[in-house]
Amino acid sequence: MKHFTSVLDVADINVLVEKAIAYKVKPLSDNTLGNGKRIGLLFMNPSMRTRISTQIAARNLGMEVIVFNIDKDGWKLELEDEAIMNSNTVEHIKDAAPVLGAYFDMLGVRTFPSLQNKEEDYAEVLLGQLIQYAGIPIVSLESATLHPLQSLADIITITEQHKEKRKPKVVLTWAPHIKPLPQCVANSFAQWVNAWGKADFVITHPKGYELYDTYTNGATIEYNQQTALQDADFVYVKNWSSVTDYGKVLCEDNSWMLTPEHLSISNHAKLMHCLPLRRNVELSSSVLDSKSSIITEQASNRVCAAQAVLAEILKHNQAC
Amino acid sequence: MKHFTSVLDVADINVLVEKAIAYKVKPLSDNTLGNGKRIGLLFMNPSMRTRISTQIAARNLGMEVIVFNIDKDGWKLELEDEAIMNSNTVEHIKDAAPVLGAYFDMLGVRTFPSLQNKEEDYAEVLLGQLIQYAGIPIVSLESATLHPLQSLADIITITEQHKEKRKPKVVLTWAPHIKPLPQCVANSFAQWVNAWGKADFVITHPKGYELYDTYTNGATIEYNQQTALQDADFVYVKNWSSVTDYGKVLCEDNSWMLTPEHLSISNHAKLMHCLPLRRNVELSSSVLDSKSSIITEQASNRVCAAQAVLAEILKHNQAC
Amino acid sequence: MKHFTSVLDVADINVLVEKAIAYKVKPLSDNTLGNGKRIGLLFMNPSMRTRISTQIAARNLGMEVIVFNIDKDGWKLELEDEAIMNSNTVEHIKDAAPVLGAYFDMLGVRTFPSLQNKEEDYAEVLLGQLIQYAGIPIVSLESATLHPLQSLADIITITEQHKEKRKPKVVLTWAPHIKPLPQCVANSFAQWVNAWGKADFVITHPKGYELYDTYTNGATIEYNQQTALQDADFVYVKNWSSVTDYGKVLCEDNSWMLTPEHLSISNHAKLMHCLPLRRNVELSSSVLDSKSSIITEQASNRVCAAQAVLAEILKHNQAC
Numbered sequence: 001m002k003h004f005t006s007v008l009d010v011a012d013i014n015v016l017v018e019k020a021i022a023y024k025v026k027p028l029s030d031n032t033l034g035n036g037k038r039i040g041l042l043f044m045n046p047s048m049r050t051r052i053s054t055q056i057a058a059r060n061l062g063m064e065v066i067v068f069n070i071d072k073d074g075w076k077l078e079l080e081d082e083a084i085m086n087s088n089t090v091e092h093i094k095d096a097a098p099v100l101g102a103y104f105d106m107l108g109v110r111t112f113p114s115l116q117n118k119e120e121d122y123a124e125v126l127l128g129q130l131i132q133y134a135g136i137p138i139v140s141l142e143s144a145t146l147h148p149l150q151s152l153a154d155i156i157t158i159t160e161q162h163k164e165k166r167k168p169k170v171v172l173t174w175a176p177h178i179k180p181l182p183q184c185v186a187n188s189f190a191q192w193v194n195a196w197g198k199a200d201f202v203i204t205h206p207k208g209y210e211l212y213d214t215y216t217n218g219a220t221i222e223y224n225q226q227t228a229l230q231d232a233d234f235v236y237v238k239n240w241s242s243v244t245d246y247g248k249v250l251c252e253d254n255s256w257m258l259t260p261e262h263l264s265i266s267n268h269a270k271l272m273h274c275l276p277l278r279r280n281v282e283l284s285s286s287v288l289d290s291k292s293s294i295i296t297e298q299a300s301n302r303v304c305a306a307q308a309v310l311a312e313i314l315k316h317n318q319a320c
Numbered sequence: 001m002k003h004f005t006s007v008l009d010v011a012d013i014n015v016l017v018e019k020a021i022a023y024k025v026k027p028l029s030d031n032t033l034g035n036g037k038r039i040g041l042l043f044m045n046p047s048m049r050t051r052i053s054t055q056i057a058a059r060n061l062g063m064e065v066i067v068f069n070i071d072k073d074g075w076k077l078e079l080e081d082e083a084i085m086n087s088n089t090v091e092h093i094k095d096a097a098p099v100l101g102a103y104f105d106m107l108g109v110r111t112f113p114s115l116q117n118k119e120e121d122y123a124e125v126l127l128g129q130l131i132q133y134a135g136i137p138i139v140s141l142e143s144a145t146l147h148p149l150q151s152l153a154d155i156i157t158i159t160e161q162h163k164e165k166r167k168p169k170v171v172l173t174w175a176p177h178i179k180p181l182p183q184c185v186a187n188s189f190a191q192w193v194n195a196w197g198k199a200d201f202v203i204t205h206p207k208g209y210e211l212y213d214t215y216t217n218g219a220t221i222e223y224n225q226q227t228a229l230q231d232a233d234f235v236y237v238k239n240w241s242s243v244t245d246y247g248k249v250l251c252e253d254n255s256w257m258l259t260p261e262h263l264s265i266s267n268h269a270k271l272m273h274c275l276p277l278r279r280n281v282e283l284s285s286s287v288l289d290s291k292s293s294i295i296t297e298q299a300s301n302r303v304c305a306a307q308a309v310l311a312e313i314l315k316h317n318q319a320c
Numbered sequence: 001m002k003h004f005t006s007v008l009d010v011a012d013i014n015v016l017v018e019k020a021i022a023y024k025v026k027p028l029s030d031n032t033l034g035n036g037k038r039i040g041l042l043f044m045n046p047s048m049r050t051r052i053s054t055q056i057a058a059r060n061l062g063m064e065v066i067v068f069n070i071d072k073d074g075w076k077l078e079l080e081d082e083a084i085m086n087s088n089t090v091e092h093i094k095d096a097a098p099v100l101g102a103y104f105d106m107l108g109v110r111t112f113p114s115l116q117n118k119e120e121d122y123a124e125v126l127l128g129q130l131i132q133y134a135g136i137p138i139v140s141l142e143s144a145t146l147h148p149l150q151s152l153a154d155i156i157t158i159t160e161q162h163k164e165k166r167k168p169k170v171v172l173t174w175a176p177h178i179k180p181l182p183q184c185v186a187n188s189f190a191q192w193v194n195a196w197g198k199a200d201f202v203i204t205h206p207k208g209y210e211l212y213d214t215y216t217n218g219a220t221i222e223y224n225q226q227t228a229l230q231d232a233d234f235v236y237v238k239n240w241s242s243v244t245d246y247g248k249v250l251c252e253d254n255s256w257m258l259t260p261e262h263l264s265i266s267n268h269a270k271l272m273h274c275l276p277l278r279r280n281v282e283l284s285s286s287v288l289d290s291k292s293s294i295i296t297e298q299a300s301n302r303v304c305a306a307q308a309v310l311a312e313i314l315k316h317n318q319a320c
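Residue numbers (the working numbering), protein chains in the order written: chain A, 1 to 320; chain B, 1 to 320; chain C, 1 to 320.
Hints should not be assumed to be uniformly reliable.
Since the list can't tell identical chains apart, any single copy or any two copies may satisfy a pair.
[Unchecked claim] Derived pair list, reagent style EDC-like, types lysine to aspartate or glutamate, alpha-carbon separation capped at 16 angstroms: (1) Lys76 / Asp30; (2) Lys72 / Asp9; (3) Lys179 / Glu297; (4) Lys169 / Asp200; (5) Lys291 / Asp253; (6) Lys118 / Asp9; (7) Lys24 / Glu222; (8) Lys72 / Asp245; (9) Lys118 / Asp105; (10) Lys167 / Asp73; (11) Lys94 / Asp81; (12) Lys118 / Glu222; (13) Lys165 / Asp30; (14) Lys163 / Glu124; (15) Lys94 / Asp289.
It should be emphasised that the hints constitute simulated quantities derived from the structure, not laboratory data.
In this text, all values refer to a predicted model and were calculated from it rather than measured experimentally.
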C-alpha cells in the first residue's frame with residue numbers, strides 16, 4: 001500500500017483485518033518497524049478518536065509523531081491552482097506540500113468538506129494535491145467524502161463480533177441530526193462493506209438522502225426503516241446531509257432516531273456508531289446504555305486499524 | 001492510590017512528600033516504571049505549569065504522553081445525564097470516557113468551574129463521570145473546586161524551606177483581583193494543610209469570602225490581615241471569588257494587596273503563590289522581586305509532585 | 001554558543017554551515033547528544049516550518065521536546081517592567097521565565113512584532129527578558145526583528161547551490177503584499193550575508209522601504225529592481241513593511257512582483273523565499289513552478305540549520 005485514502009488502496013481487506021487483530025493482541029509486536037521514520041498528522045478540523053488513535057498506532061510502531069493543527073497553529077491553505085492570493089489564504093498547497101514531504105516520511109491529513117460545493121468536495125482536491133506534491137505516502141484521517149480508517153475499524157469490529165458462519169445482515173441507517181453533516185462515514189462504510197462482500201448489506205434512509213452508487217452498489221436500498229432493520233445483526237447509525245440537494249437537511253422526522261423499540265425486530269442486533277454522537281437526537285440514551293451497543297469496542301479498534309495501515313505503508317516503502 | 005482528585009486519595013502525605021523530594025534529586029531514578037503505559041492529558045482550559053510539569057513527570061517515568069485540548073482540538077462535552085443533545089454539546093462524557101479509557105492507561109484532566117452554579121461546580125460532575133465511565137485512574141489537573149497537584153507542591157515547598165523543628169505558622173491570605181476566580185487553589189491548600197497537620201494554619205480574608213468548612217476545619221479564620229500575618233513563616237497569597245454570593249467579587253480594597261510592609265510583622269515570611277499572578281494587583285512587584293519570594297521554587301516543585309503521584313498510581317496498578 | 005538570537009551569537013558562520021550540512025547527510029549522527037535534555041518551544045504566533053523543523057532537529061539530537069502555544073494553551077504575558085496588571089495580561093514574563101527555566105534545559109521562542117511601536121519592537125523585550133530571567137539558553141524561533149534560523153538555512157542553501165569559485169551575486173528584492181509584514185526576515189538575511197562576506201550583495205526595494213543600516217551595511221542598495229537583478233545568481237524575494245513610516249504599506253506597484261521576465265537578465269538565478277508566500281502577489285506561479293525555484297530545498301534546510309544550532313548550544317553547556 002502506497003497511500004491510504006479509500007478501500008481502493010487495499011489489496012486484500014481480510015488480510016488487513018487479520019493484521020489489525022494481531023496488533024490488537026500484541027500492540028508492540030512491530031515496535032521497531034517505524035524506527036527512524038516520522039509521520040506528520042495534519043488537522044484542518046477537530047478530531048478526538050482519529051487524532052489520538054493514530055498517534056498511538058504510530059508510536060506502537062516506533063515512529064516519531066508530530067501533530068500540526070494547520071487551522072490553529074498555522075494558517076489557511078490555498079488549493080486553487082492559479083489563485084491570485086490577495087485574500088485570506090496565506091500559503092498554497094503547492095508550496096507547503098513539498099516542504100512537508102521533505103520533513104516527514106508519511107503524512108496523515110484530516111480535511112472536512114465545505115458542504116457548499118459538491119463538485120469541489122467530491123474532487124478531494126487537498127488529498128490529490130498532497131499526493132501529487134508531497135512525494136510521500138498520504139493517509140486520510142477523514143477526507144471530504146470518505147473516512148477509510150473508520151471503515152476499516154468498522155469491518156474489524158463486525159469480524160470480531162460475528163461468531164456464526166452465515167453472512168451477517170448489516171444495516172446502515174440514517175439518523176436525525178440538528179446540523180448538516182458530511183457524507184463521508186456513510187460513503188466509506190458502504191464502499192468497504194460492498195468491497196468486503198461478506199455481509200448482506202442494507203442501507204435505509206428517507207427519500208432525498210441517496211448516496212452516490214459508486215459507494216452503494218452491492219447494497220439494498222430500503223426506504224422503510226422497519227423493513228430494513230428486520231433480522232439485522234448489526235445496525236450502524238449515522239446522520240448525513242443530502243447529496244442531491246447538496247449539504248441540506250431535508251428530514252426532521254424524529255421517528256428515525258434509533259431506540260430499543262427499533263431493534264426489537266432485529267436479530268439481537270449490535271449497535272454501531274462512529275462517534276461523536278448526539279444522544280436523544282440520533283439514538284436514544286436507553287439504546288446506547290444497553291448491552292446492544294458495541295460503540296466503545298468499535299472506537300477502540302481505531303488503534304489497531306490505524307496501526308495495520310501504517311505498518312503496510314512502512315513495509316511497502318521498505319520494499320521499494 | 002487509584003485516582004488522585006483530592007488529599008483524600010492520599011494514604012500518607014509525608015510519604016508522598018518524601019517520594020517527591022527523592023524524585024527531585026534523581027528525576028530519572030524510576031524511568032522505566034511507566035514503560036508501555038500511556039497518559040492522556042485533557043485540557044478544557046488553558047494551563048502552563050500543570051501542562052508542562054505533568055508532561056515532564058510522565059516522561060521522567062518513561063510513560064508516553066498525549067496532550068488533547070478538548071476545547072480546541074475537539075468539541076464541547078455534554079455532562080447532563082439524560083440531555084437531549086440538540087444544542088451546542090457534540091459528545092456526551094458517557095460516550096467519550098470509555099473510549100479514552102480504552103486508549104489510555106491513565107487520564108489527567110483540567111476543568112474549570114463555571115462560577116455560575118455552585119451546586120454544579122461543587123458536584124465535580126466531570127471528574128465523577130470520568131471515574132465512573134473511563135475505568136482507568138483519573139488525575140485532577142485542577143478541577144472546579146480543588147487543585148491537589150498544586151497543593152502537594154505547596155506542602156513539598158514548605159517542608160523543604162522550613163528548617164526548624166517547631167511548627168511553621170502558615171497564613172493563606174486573600175488578595176484583590178480584577179476578575180472572579182475559582183476557589184479551588186484556596187480550598188485545596190486549606191484541605192491539604194489541615195490534613196497534613198504540621199503547621200499552625202491561619203486563613204485571612206474579607207468578610208463574605210468564607211470557604212466551606214469542609215476544607216478550612218482545623219484552620220483559624222482571622223478577618224484582620226495584619227493580625228493574621230503576625231509572626232508568619234509562610235504567606236500564601238491568592239485571590240478567590242465569594243462562595244456565599246457565588247462567583248462574585250465583593251471586595252476591591254487594595255490594602256489587601258501584599259507588599260513588603262505587610263510582611264514586616266511576619267517572621268521573615270516566605271512568600272508563596274501558585275501562579276499566574278497579577279503584579280501590583282495581588283502582590284506588589286517589590287515583594288515579588290525580594291528574597292522573600294519562593295514562588296519559582298514552588299512552581300518547580302510541580303514536576304516532582306506530579307511525578308510522585310503518577311508513580312504511586314502506576315505502582316498501585318501493577319500490584320492489582 | 002550560549003544563546004542564539006542573531007548572527008552575532010555565531011563564532012564562525014562557515015563552521016556552523018559545514019556542521020549543518022554534515023547533519024543533513026547523517027541526521028542521527030549525534031542522536032544521544034541531547035539525551036536527558038529538554039527543550040520547550042514557545043509560540044506566541046503561528047508557525048509551520050519553524051515549529052516542525054525545530055522539533056525534528058531536537059529529536060534528531062535525542063532531546064525531549066514540549067511545544068507550548070502560549071497564545072492558545074496559555075495566556076497573554078506582560079512585558080512592561082512595573083506594570084499594574086489590571087488589564088488583559090495574565091502573567092508577567094518576570095514570573096513565567098524563571099519557572100520555564102526550571103522546567104527546561106533550553107527554550108525556543110517565537111514572537112512577532114506589533115508593527116505599532118518601532119522602539120518597542122526593536123528593543124526585543126521578550127527575548128531580552130527571557131535571557132535575563134530564564135537562566136537557560138534561549139533560541140529565537142523568529143523574533144520581532146530577526147529570524148536567524150531562517151538566515152542560517154538561507155546561507156546553507158546558497159553554499160550548497162553555488163558550485164563556482166567566484167563570489168555569487170545575491171539579490172534581496174522587496175515584493176508586494178496585501179498586508180504589512182515584519183522586517184525580520186529581510187533584516188536577518190542582510191545581517192547574515194554581510195557577516196558571511198562571501199557574496200556580492202545587493203538589496204533592492206522601493207523608496208521608503210530602507211532597512212536599518214545596522215543590518216544592511218556591506219550591501220549595495222539599488223532602487224531600480226531591474227538594475228539590481230542584472231547577472232544575479234540568487235534572488236531572494238520578500239515583502240516587508242516600512243521601517244521609517246513604521247509598519248506601513250507604502251507601495252502597491254505590482255511590477256515588483258517577481259516573474260520569469262524579471263529573471264531573464266539574471267545569471268539563471270536561483271529563486272529563494274522563506275515561505276509562506278502569496279502566489280501571484282509576491283511572485284508569479286510560473287516562476288515558482290519553474291526550475292529556478294530552490295524554495296523547497298531552502299525550507300528543507302531549516303532542519304539541519306536548527307540541528308546545528310541546538311547541537312552547538314548543547315556542547316557549549318556540556319563544556320561549562
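Up to 16 angstroms CA-CA - Asp81 versus Lys94, copy category = within (8 angstroms within a copy, 45 angstroms between copies)
key: Intra- versus inter-subunit Cα pairing at 16 angstroms for Lys118 with Glu222   = Neither: 24 angstroms inside a copy, 50 angstroms across copies.
task = At 16 angstroms max between alpha carbons, let me know whether Lys94 reaches Asp289 within a copy, between copies, both or neither.
result = between (47 angstroms within a copy, 9 angstroms between copies)
request  = Have a look at Lys118 and Asp9 and pick one of within, between, both or neither, based on CA distance no larger than 16 angstroms.
outcome  = Neither way: Lys118 and Asp9 sit 23 angstroms apart in one copy and 54 angstroms across, limit 16 angstroms.
task = Measure nothing new, just compare the shortest in-copy and cross-copy C-alpha distances for Lys24 and Glu222 to 16 angstroms and report within, between, both or neither.
result = neither (35 angstroms within a copy, 59 angstroms between copies)
query = Within a copy, between copies, both or neither: where do Lys72 and Asp9 come within 16 angstroms Cα-Cα?
reply = Answer is neither: 30 angstroms inside a copy and 32 angstroms across each miss the 16 angstroms cutoff.
ask   = Are the CA atoms of Lys179 and Glu297 at most 16 angstroms apart within a copy, between copies, both, or neither?
value = neither (26 angstroms within a copy, 44 angstroms between copies)
ask   = Between the shortest in-copy and the shortest cross-copy C-alpha distance, which are at most 16 angstroms for Lys291 and Asp253: within, between, both, or neither?
value = Classified as neither; 26 angstroms inside a copy, 58 angstroms across copies.
inquiry  = Checking an output row: Lys76 and Asp30, CA cutoff 16 angstroms. Within, between, both or neither?
reply    = Neither. Shortest intra-copy (37 angstroms) and inter-copy (36 angstroms) distances fail the 16 angstroms Cα cut-off.
task = First find the shortest C-alpha distance between Lys167 and Asp73 inside one copy, then the shortest across copies, and answer within, between, both or neither for a cut-off of 16 angstroms.
result = Result: close neither inside a copy nor across copies, 47 angstroms intra and 39 angstroms inter.
message = As a check of your reading, is Lys165 near Asp30 (CA-CA no more than 16 angstroms) within one copy, between copies, both or neither?
response = neither (31 angstroms within a copy, 50 angstroms between copies)
ask   = Using 16 angstroms as the alpha-carbon threshold, which applies to Lys169 and Asp200: within, between, both, or neither?
value = Close inside one copy (5 angstroms), not across copies (70 angstroms); limit 16 angstroms.
Hints 1, 2, 3, 5, 6, 7, 8, 9, 10, 12, 13, 14 from the list above are not met by this structure, while the remaining hints are.
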